[in-house]
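Undergrad: Residue numbers (my numbering), protein chains in the order written: chain D, 268 to 604; chain X, 268 to 604.
It is possible that some hints are incorrect.
To be verified - Which residues of chain X face chain D? A few of them, derived with a C-beta cut under 8 Å, are: (1) Pro284; (2) Tyr314; (3) Gly353; (4) Ala366; (5) Tyr377; (6) Gln588.
Simulated from the structure, these hints should not be mistaken for lab results.
In this text, a Cβ means the ideal position worked out from N, Cα and C, and glycines have one as well.
Number of protein chains: 2
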Amino acid sequence: MAAIKKKGLQTLMFAEPPFITSSASLVGPKEGEGPWAKDFDRILDDYLFSEKTWEKAESKMLREAIKLSLGKQKLQPQDAELLLAGDLLNQIISSSYAARELNIPFLGLYGACSTMAESLLVGAMAIDGGFYERVVAATSSHHYTAERQFRSPIEQGVQKVPSSQWTATAAAALVVQKAGTGPRISCATVGRVIDMGQTDGANMGGAMAPSAADTIATHLQDTGRSPDYYDLIVTGDLGAVGMGLAGELFVKAGLVPSPNYSDCGVLLYDGLQGVDSGGSGCGCSGCMLAGPLLRKIKNREINRLLFVATGALMSPTSSFQGESIPGIAHAVAIENM
Amino acid sequence: MAAIKKKGLQTLMFAEPPFITSSASLVGPKEGEGPWAKDFDRILDDYLFSEKTWEKAESKMLREAIKLSLGKQKLQPQDAELLLAGDLLNQIISSSYAARELNIPFLGLYGACSTMAESLLVGAMAIDGGFYERVVAATSSHHYTAERQFRSPIEQGVQKVPSSQWTATAAAALVVQKAGTGPRISCATVGRVIDMGQTDGANMGGAMAPSAADTIATHLQDTGRSPDYYDLIVTGDLGAVGMGLAGELFVKAGLVPSPNYSDCGVLLYDGLQGVDSGGSGCGCSGCMLAGPLLRKIKNREINRLLFVATGALMSPTSSFQGESIPGIAHAVAIENM
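Just chain D, same shape as in the assembly (with noise of 0.2 Å):
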């Protein structure tokens, strides 16, 4: 048997750890201000991407991401067999749609903001349980398309609060694969749905932040591993807020509080962008994976990286039905072996 995975633990081990071959990322203008640019595959001019609404934009731009990945290994859409996506529209339309386009085998997911580390770790175990060689996991986020489902439209101009967070414009795509070169998923965590009653929906990152916990907590038990053995921890899009709690609740897990542990919410942009407490969207973590992360990981500057995408399972509809904000958060551990 390839797989390991102990009774009653969260965490799979694999016995051939699939490796992430190549990446690509496209992101939004506000994006490409931050610090990161240089490490994107592409930069959008404007929100629309030539299409006539920011939905088409975004599932656009998912399918730039995915035949992007697939390009740099001189792959076409057809040589993926299984294409793995989610993304934060209802019904997941953005990447419903880049599917039909591509023509892959498709399974699609739904975890908000955790989707690239869901897809990752589904895609991981379809390949080391010996079913597929060769798989794409990918997702995307878009401001605009996320703020009018979500919020309000934003002609309206609602103020924001300091723990709000920028919903990201971004596609992102790994190409998993059996063989080849690249750094490797070692294990992953799949989460549980924690909710500790937070019903504020200006401040996901709090709402995230048990979740994150949680996982990371059970990571580290189930592999033995301590919180130094990676070089980065990094969650999702906790933001300043989310991240300053997860802090406070590594604390209370018995966890020691660690210089390598940052949020790609944070990460994302520069800190003067006006996104108050930082980025969010399955974009956020995603194009932060597949453009800076695993460049670091490239150039060994990251041996060991703990990816660890956070989401919110609330709805506009459960919000105003008077319910809390649930949270899920995925680990894939990716090293360099």
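Position chain X relative to chain D; hints supplied.
TA: Relative to the frame of chain D, chain X by itself:
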């Protein structure tokens, strides 16, 4: 290696086919008045299930179906290693809030009404790949949550057309295990997104039929099986109109029209229940499988079933923006072995 999948094929052959050891279904009053009442575990007295909103009722139905499916094996939620679930509501809140209550590690899926097949096949892959011993695959839909999200408030009384379908109020859960007794999942075919340019949201069966035909033809080609191999090939929720179209497409694909083909959307209601073309929604094929179909397999009235759940992957937003309706279908072969 446990898995066998020839390069380039869309069909996964499971070397040690996982067992469906138990299943459970809860349905609404209307579904309980249909021909399969005795096969469902619980028929609700009303659509609220002692909750304050239909959305909360749907999530509770799903949660109860999962608990009931485990309870039939004298298992508790904590005995399940993984929950694979999705539903039609924006951000799959029925599934996410059920996962929160049950506290089972969770992977959210979105495949619209194909979700019962998607969750089953990912579950079978997770088990046959050697990662898990016991997972739960589940889905739900609710007539009144779907109508107000996708169409118009019920109170508005919008007139239906003959190709309209009735979203089933139903939740279904299947326990899939590495070991045990029951029918087994021998193989599964992951579908592609197929779109023939249909834009009529009141004829979703027609929009999904091409994907059903494509997946069935691919499945038969990949496995070298003839349609006669199966005692029943059942699509998800094409309804009468979509089923007629699928029949034509089978002939075009060179498949002999077979008396062993039917559709869950046609089967769920009795033909005089005022559902126009038939049933739809994730719960339609879900409860037909979890209830009557698995009972017939258990009784050996059916020994080989090809379960082909179908999904329409549009959203109200994509329709407003002039997009056509893409469909997907995943096939799962369930056999007494």
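Undergrad: Looking at the structure, which of the earlier hints fail to hold?
TA: 1, 2
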